[in-house]
Amino acid sequence: MKILREIISPLVAVLLAFVVGAIIILLIKDNPFETYSILLANSFGSVKDIGWTLFLATPLIFTGLAVAVAFRCGLFNIGAEGQLYVASFATAWVGIKFGGTVVDIFGKQEDWSWMSLPAILLVPLCILTAAVAGGIWGAIPGILRAKFGSSEVINTIMLNFTGIALVSYFTQYHYKVPGDPILQTAPIGKAAYIPQLKEYFSFIPDDVPLNFAFLIAILMCVLVYIFLWKTKWGYELRAVGQNASAAEYGGISPRKQIIIAMTLSGALAGLVAINEVLGSRHNYYDGFSAELGFLGIAVALLGRNHPLGIVVAALFFAVLQRGEIFVDAFTRYVSKDIATVLQAIAILFVACLQKYSKK
Amino acid sequence: MSELLTLSLIFSAIRLATPLIFAALGGMFSERSGIINIALEGLMLAGAFTAAVATYELNNSYLGLLCGMAAGGALALVYAVAVIQFEANQVVAGTAINFLMLGLPQLISGAVYDSSGSTPQIAKEFLLPEFYNRLSIASILAFLLIPLCWYVLYKTPFGLRLRAVGENPAAADAAGINVIKLRYVAVILSGVLAAAGGAYLSIGQSSLFTRGMTAGRGFIALAALILAKWKPVPVLFACLFFGLTEALTIQIQGVFKLPSGEEIPVQFIQIIPYVLTIIVLAGFIGLSRAPKALGIPYSKEK
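Chains as they are written, first to last, in the working numbering: chain B, 1 to 359; chain D, 1 to 302.
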């Protein structure tokens, strides 16, 4: 019964979003049924579709978990976007500096690295960097909230812009290969690559970038679940989120928990770098995220801030992201933006239904 | 340094501050009534898109501006229903509104004009007029709004009630003020004003609407509002300051050379408003205190 109550409001919200979306589609003189079938039918039909859907779901699981951990402590991390950017750049930097990257500058070879670590050392180092860099960017608003009481909502928004501008500076002036028209860093060393699943399973087509980051994301779901519900630390963190003054009365320091929660949250958001930098793109690319951090808020909310719910919600959003390309190509009037609109309306409805699901 | 502070830089700062002033004043009404307004960005986009479409269709920028403001008010009403009626979390609902406006304008323009990237170009003679090719009528309106908003906030019964509701809604309720109605009015007003700022972007500074054209200005306006401690006259100075930093980043094109020969890249000037806001919020430069009831839904039985 409890589970039913937990899933009913996200389901109703999604359903209502599709109803409102259908009205909008009718208003722009197109066919909602046709649009929705194109939007939803291209995600699980083949190995290629499934691979892409899982690949797109991976970063959303990380950012969804990030937002959820902060939320369980009563905090809003609107800053996953900035955290994952800072972490992705830092990861690429380590991948270049310790990965033996040699760049070709107008025909001249230049060694940009300090050393060439073997994969067995470099990959863990890169993953650690992603978590630490994201964690630091998340800890700043946590510390500011704990020490000065300043709003983590405003500070994370400000740190998004700050972080994105800073890494754009480092990319543009220091780590871009001269002559490259795209704002991206030099490629990371091959030893920093994490394997794509198609290398192990021949039935996965070549153009599917699904990689081990997906398995790490699932592992993080399990770890976050154990941490939050099976350990003393997680209990303390949730206690602060439920009632900070009661927790303090019970001997738990809310300030400490706020810093812990924001650091963990930032670290989880930072893990997006595994999928993007180590697993698929193999460099840092300015502007790659396209709102992954903000979608994390939606994923966490729709998933009721529970790891299992987050996986389901991330898959749902990945389906929409996968389907939007086909909508663009195969409908008369509807553009791929319908996916964004549906997501936004779903978030709005979930937020509105929160009041009723609590009782 | 002195040669940088030319007349053209000052006019450029005023141009760039104009949308911020509208949006920050809008945010002020909402937040002074106790409703957080993260949605300023989305409300500006609603104004920018609707004004561009209406001006293109009607060949009249004033009607375009009014349509844009109406759209902002309508979208703000959606937000108000969510956060006041349904007591939705204000940060979440605001994020949803911003998100919606990253998709809905493109969806509509894709269907109507067969181009989801931007709306059609508006001929120059139908844009908001500029005096001496420098000072937009929107900038003049923005400057006039400052004393007007000051008067409304501090000298009218509406302003007094608004401030009371934002500080202590229960007491205001006991004194016979309709808290819910007042908050609706404040949020809708904030949408109308933010949308006017957005409209100036599409039918004043440029001549069409492009995807996400506010580029974070709604959040800068929010930062200006916090820096100004939720007060109308300081809002003007905060927005002018932010306008000046943006004007500098445009003028220097890449790097800023200090007299000593050192170079400061543009990104370091871009982050000034954000870093300053963080510092001010932490209380290092005077305390910036938000209205007491900010973010807390109000229902009678509590």
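Just so you know, these hints were derived from the structure itself, not from any lab. Heads up, a few of these hints could be off.
[Claimed, not checked] Dumping the calculated BS3-like pairs for lysine-lysine here, alpha-carbon to alpha-carbon at most 27 Å:
no. : chain 1 : residue 1 : chain 2 : residue 2
1   : D       : K292      : B       : K147
2   : D       : K229      : B       : K147
3   : D       : K231      : D       : K155
4   : B       : K48       : B       : K97
5   : B       : K355      : D       : K300
6   : B       : K230      : B       : K2
7   : D       : K229      : B       : K355
8   : B       : K355      : D       : K181
9   : D       : K292      : B       : K256
10  : B       : K198      : B       : K48
11  : D       : K124      : D       : K300
12  : D       : K229      : D       : K124
13  : D       : K292      : D       : K229
14  : D       : K155      : D       : K292
15  : B       : K147      : D       : K231
Note that the structure is a prediction, hence the values are computed from the model and not measured.
Against the structure, the hints:
no.	hint	in the structure
1	D:K292 x B:K147	19 Å, holds
2	D:K229 x B:K147	20 Å, holds
3	D:K231 x D:K155	14 Å, holds
4	B:K48 x B:K97	34 Å, violated
5	B:K355 x D:K300	15 Å, holds
6	B:K230 x B:K2	19 Å, holds
7	D:K229 x B:K355	31 Å, violated
8	B:K355 x D:K181	20 Å, holds
9	D:K292 x B:K256	25 Å, holds
10	B:K198 x B:K48	10 Å, holds
11	D:K124 x D:K300	52 Å, violated
12	D:K229 x D:K124	38 Å, violated
13	D:K292 x D:K229	13 Å, holds
14	D:K155 x D:K292	21 Å, holds
15	B:K147 x D:K231	26 Å, holds
Going down the numbered hints, you'll see the structure goes against 4, 7, 11 and 12, while the others check out.
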